[in-house]
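2 protein chains.
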Amino acid sequence: MQLLENRIIKDGKVFPGNVLKVDSFLNHQLDVDLLDKMGLEMKELFKDSGVTKILTIEASGIGVGCLVARHFNCPLLFAKKSKTLNIKGDVYTSKVESFTHQCTYDIIVSKDFLNENDTVLIVDDFLAKGNALNGLIDIVNQSGAKLAGCGIAIEKGYQGGGDKLRAQGIRVESMAIVEKMDDKTGKIIFRR
Amino acid sequence: MQLLENRIIKDGKVFPGNVLKVDSFLNHQLDVDLLDKMGLEMKELFKDSGVTKILTIEASGIGVGCLVARHFNCPLLFAKKSKTLNIKGDVYTSKVESFTHQCTYDIIVSKDFLNENDTVLIVDDFLAKGNALNGLIDIVNQSGAKLAGCGIAIEKGYQGGGDKLRAQGIRVESMAIVEKMDDKTGKIIFRR
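Protein chains in written order, with the working numbering: chain A, 1 to 192; chain B, 1 to 192.
Bear in mind the hints are in silico, worked out from the structure with no lab data behind them.
Only true hints are included.
For chains that are exact copies, the list does not tell them apart, and a pair is met inside one copy or across any two.
Below 20 Å or equal to it, Euclidean Cα-Cα: the simulated PhoX-like pairs (lysine-lysine) are:
| id | residue 1 | residue 2 |
| --- | --- | --- |
| 1 | LYS13 | LYS111 |
| 2 | LYS10 | LYS180 |
| 3 | LYS10 | LYS37 |
| 4 | LYS111 | LYS21 |
Model the full assembly from the supplied sequences, consistent with the hints where possible.
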């Protein structure tokens, strides 16, 4: 998606350790108009998949997830990262290793909101090694729902998570795939 | 807002300890169409306030915040609950006591995205004692931005946080104010 690639080049910042900082428009401050255009693009791509539910993970997936759900005219469900006092009853759980936070945490989705009648599009802001997506796919599988695929804002192609999922036959559509970054020059190269 | 009150009566669940569970449409699964209508209502209420930025707090404020920001055609900024590896540089911080999680945490907003030229509408899904809002207001004050007011989905009127803010001269607009709940009968009474 040219609009997103242009924005990453304009406002993204590359730091050592393969960190791409896009918090001016994607994960601290959100450009809702840009998210809405990504939502429209994902709707185009998955329009024939019979999607009944968008699934994401708190916190920064919620923004893009909301705008995708708006175009599909279906609910957004977000996995929570720890069991709070307000989630009662039966839940699906999985474990996710976080690169950013350097820890492993449980993700939780209530069984009330996902079952074998659903067709799920998983949405997230970033895809690197695929740890969060693997946890969400595990939850979709536990629920018996059908997985339409994954819609991602920015995929870090060089970390391999997206290609591993594609090799398993999972449809992964990323609005921008970063193939290479150089923290010395700030140069970002996208996959064609 | 009649639509939200009707939905709370239909799908909200009352538990002992003044817990109102609305996770089928507001804070686990999100009814994006309902959020969008709340966004439109808040735009109507604050249309003359010159709002340049919506400010909320992760995680469940992001959903309603996104749809409010869409109607104001401005960015959504969300306060983060702990310092991650990906936030660098100068930040505004404040402390918030969480009733749900029974702890105190730091909230953080990058100074890059909020300054004295902004007029801020603070948005959140719930207002009880007002702890989260007080932290966000503190951050707005630190930045020198103007506070237009607070737009809330559900206010628990009986916990007094909203009225304390109003007594300080802060404009607080809640889409539904729960005045009383009874966990034995499930009855919910709204403020008129």
